[in-house]
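Start from chain A and add chains B and C with the ligands according to the hints.
Chains as they are written, first to last, in the numbering used here: chain A, 1 to 374; chain B, 1001 to 1427; chain C, 2001 to 2227.
Treat the hints as calculated values from the structure; they're not laboratory data.
By construction, the Cβ of each residue, glycine as well, lies at the ideal position given by its N, Cα and C atoms.
Be careful, since some hints might not be right.
[What the hints assert, rightly or not] Coverage of chain C stretches by chain A, computed from C-beta distances (three or more under 8 angstroms per stretch; other residues unrestricted):
1) 2001-2014
2) 2019-2029
3) 2099-2107
4) 2123-2137
[What the hints assert, rightly or not] These stretches of chain A come out as covered by chain C in the derived footprint (C-beta under 8 angstroms, 3 or more residues):
5) 74-88
6) 151-157
7) 186-197
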Amino acid sequence: MAVAIPHREELMLNMGPHHPSTHGVLRFILHTDGEVMRKAVPDVGYLHRGIEKIAERQPFAGFVPFTDRVNYLEAIFANQAYALAVERLAGIQVPPRAEYLRVIAAELNRIASHQISIGSVSMDIGAYTPFLYLLREREKINDLFEALCGQRLTFNYLRLGGVAFDVKDEWLRRLEAFLDHFEPAIDEFNSLISANEIFVKRLAHVAPISAADAVGYGLVGPNLRASGVDWDLRRDQPYGIYPELEFDVPVGRGIRGEVGDCYDRFWLRVEEMRQSCRLLRQAVAKLPAGDVCAKVLRKLKLPAGEAYGCVEGARGELGFYVVTDGTDKPYRVKIRSGSFAALSIIEHLSRGLMIADLVAVIATLDVLAPEMDR
Amino acid sequence: MQLLAERIATWLGMEGLPRQAVVAGVVLVVALVVATVVLTIAGILTWAERRVAGRTQSRVGPNRVGPLGFLQWVADGIKLITKEDVIPAAADRTLFRLAPYPVIVGIFAAFASVPFGQKLIAADLNVGVLYLMAITSLVVVGVLMAGWASNNKWALLGGVRSAAQIVSYEVPSVLAALSVVLLAGTLSLQGIIGKQGGWPWEWYLFYNPFTFVAFFLFFTSAVAEGNRTPFDLPEAESELVAGYNVEYSGMRFAGFFLGEFANVYLLSAIATALFFGGWQIPGVTPDMQAASPVWQAVGVGLFALKAGTGAFVVLWLRWTMPRLRVDQLMGLCYRYLLPLSFAMLLGNAAYVWLVPQWAAWVVQGATTTVGLAVAGVFVRRVFYHIRHVGDDVSLDLARGESGTFDPQLQVRVYGAFRRRHAGDSAS
Amino acid sequence: MRAFIEYFAAIGRTVVTLGDGLAVTGSYFLRRPVTLQYPDRTEKPMVALLPERSRGMLEVDLDRCPGCTACETACPIGCIRIEVSKGKPRLITRFDIDLGRCMNCGLCSEPCPTECLKHTKEFEGGMYKPDLLLIHFVEQPVPVAPVKKGEPGPPPKPLGSILRRLLTDPYGRKRPAPAPAPAAAASAPAPPVAVAAPQPVSASTPPVSATPSAAPPSTPATSGGPS
Ligand code: SF4
Ligand code: SF4
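For reference, chain A alone in the conformation it holds in the complex (with noise of 0.2 angstroms):
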């Protein structure tokens, strides 16, 4: 939407960091001419609570649970990078059922990830009631969380080596279940909000990013594939039993508009959920027996050395960078999230957008205030 900005008068006006659509603390310097904008300045930093420098005080399995909080719509994730990065580092071999039920617990907490993220661009644009659907949704995959590991949002269910805990047939039932309902909720949902002409229309055209766009600014995950890069870590640059299963990666097809719009990333995140349904279907039939975790020291000592563990989020590539230095903590751990780039092509992406497009666009691009700040 470039609109032609015809005389210099310059409002500037404070969005956040308190604002409703500004997901978590985050603030934007909007530089505006009435209603069309010249650019959006994001600032950072208000929820910085130096979750990299934790991790130098902890032992290596004491900081799983901080790193549940990085992120706390996705828990699972960061959990999981983290435990590669250190496992590549021990050398520790998971065992198979291990590998399965850690599966089964990102696609859900993908799943889950993505119900908040998309129902928060409709809740953005003005219908509050699609948003609610996807939360009640997601009350199940937390009763399921909670059933599974204890807790409801901050899992703390990877272990070094492992799960922290196993689980029952009666649990997998209640999840197929859970999918049986839930993929028909999905078309329900689709039928309320995605296929609403007024809801396309304010999406469809929006803030475009073209491939080369999406690729120099670092995006990653769904943005990046909504561009059109067909780009997947779980298939890509495997880990896991992930090559076990099968699964699509879908890509921006421009089923709106143009690709990389708003809309394309909106219904990119539609569909990996039903990706995911499809992996947790696989997963839960194909679990092998046997242990749910190898024997980890409690005291770990590394020698000196670093490594890169780094999973497909729901918001892209999360990787933990850990550097040993032979003691029994971390020397340096850094944290690499997806909505930090995110969050770095909105001033590029905001010129002539209106206000309201720059609501929808932070919302599509998922910007998650802790997981930018750490």
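Structure of chains B and C with the ligands alone, referenced to chain A:
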């Protein structure tokens, strides 16, 4: 009004009083009565909105104060009255304080010519439709004042959006109403209702295809004038925080709030009068109704029912629709509503001029059938959606799920999810 | 002509999709809400509706704690403080858990050899001051329990009973006066150590939670203990 005043003066044995004084007294009393009624309606609508929101979102909604939470609006009112009335330090104090009044006055004054019943109308103006359209425009003054006086950029944007929106949508709504005026040959609301009948096929809604479309045009523009979703851009919670009333609190906020809800009822009441036959009772002629107080009461009830249903639809729309963008809002008005309402007006003019009476009956019947068919399709879709997610129909208004616990699975289960797999977990 | 068709197609699409959206929300008027009306209109108290593994606030059963301090070491934020006196008999003089800081991660209960440190399902612990959530589990110095790893030890108390008593009486006003320290009893391992404080549960029935110890004694049917 003057006649009534004289009659009252005679009845009170005060013929000697100057006529103006009596008129003024009567006007005051009537105004107070209308204001009370409107306040009550608006209050009840705030409760209804929260119930509707709750039920559409598969929640319960307010349910603690009174049966079904019905007294919630009284509690809210008391809360708002006793709250501190904060005025921002940098605000234009006078304007800031004044701003709610044009909103309230504009909407409450409009109720003066709403025909609640055949005899129940404060002032049956011969230019009723015009008066309604004109007086409700006062709202925009209040909204602009609020936006400007708050000295808040979000409020200012909201106020400006609102001004543009209300002024633009005035046009198609008047044009759509003119279609009916053209058919009825009068601007008086009572006159328009009198031309219709009690049965649905005698309503102007189904009079011919042009009025059928005109109704939807009118309804859309009226919703937009009332700043309701999908046209609630001046308040746009997720963009402008709360728009023009962001700095308001306490009773002044309640002024805007009640004004908005009174407007919802007002627009449905006007639509009822223009398109749905107002207080006309099926099978009862206006003369019969005039003769019997019982029929009068039924007529008033029927009007309230129709207008209430309209208000319900407006609330329901709000919890279904996303919001338009500013440029799309204007585009909708000037690219779609305005030309279409002109076309409907011309179509109606041609219809009146060209179509003979016997053909009009056929058209009326056909339009009614089409309307019913659309309703039928809609109902089918409703049940399709219920079946599709494997839920079942339940009309329990008061309670949500009580939530049961499955000791074997250690999972809390509720909703469709539970009933569908009840056998599953019992085994 | 194309533009003309598109003009009316857009109107048609809008009407149809809006109508379908209305049908979805309208269908909810005929369906039952899923709200669970916490806290007062649930079938059972909420605590009884939580799953077995639910990690609520921590509690420690000092009758079974040998004072090994494994939990203190394991806690990543150091919100457990244990002091064990030297000499015979060894006394646990302090066992504090700062529930206000605890993030319920479960890392402390995993290494506990006797499973005396456990997560209850309790989650309602609102206090007027944060320091009231620093729970002192030791009211009187308690001799360490002579329980070894794998031994049954004294029977576990109903989950949550200890914590609930401490939480509903944070100032300790309702607790009985301290009994004389049972120095002699400590040498006899067979009967459960007669500790002064934790016995009179019924004397101060907590006013807050709806049914005290409604939660059934946890039968570890779950195959998922800490692995
Ligand atoms: S649950 Fe975690 S934070 Fe709480 S005391 Fe135990 S180890 Fe520490
Ligand atoms: S780990 Fe268990 S036995 Fe050891 S001190 Fe902690 S509570 Fe007591």
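For the stretch 2099-2107 of chain C, do three or more residues have a beta carbon lying closer than 8 angstroms to a beta carbon of chain A?
Contact hint for the stretch 2099-2107 of chain C vs chain A: holds, 5 residues under 8 angstroms.
Between the stretch 2001-2014 of chain C and chain A, are there enough contacts, at least three residues with CB-CB distance under 8 angstroms, for the coverage claim to hold?
The restraint on the stretch 2001-2014 of chain C holds, since 3 of its residues have a Cβ under 8 angstroms from chain A and three suffice.
Between the stretch 2123-2137 of chain C and chain A, are there enough contacts, at least three residues with CB-CB distance under 8 angstroms, for the coverage claim to hold?
violated (count 0)
Count the residues of the stretch 2019-2029 of chain C whose CB lies closer than 8 angstroms to any CB of chain A, then report whether that count reaches three.
With 5 residues closer than 8 angstroms to chain A, the stretch 2019-2029 of chain C meets the three-residue bar; holds.
Stated coverage of the stretch 186-197 of chain A by chain C [criterion: 3+ residues, CB within 8 angstroms]:
Contact hint for the stretch 186-197 of chain A vs chain C: holds, 7 residues under 8 angstroms.
Report holds or violated for chain C covering the stretch 151-157 of chain A, Cβ cut-off 8 angstroms, minimum 3 residues.
holds (count 3)
Counting residues of the stretch 74-88 of chain A that have a beta-carbon nearer than 8 angstroms to any beta-carbon of chain C, does the count reach 3?
With 0 residues in contact (Cβ-Cβ under 8 angstroms with chain C), the coverage given for the stretch 74-88 of chain A is violated.
Hint check: violations occur at hints 4 and 5; the rest are consistent with the structure.
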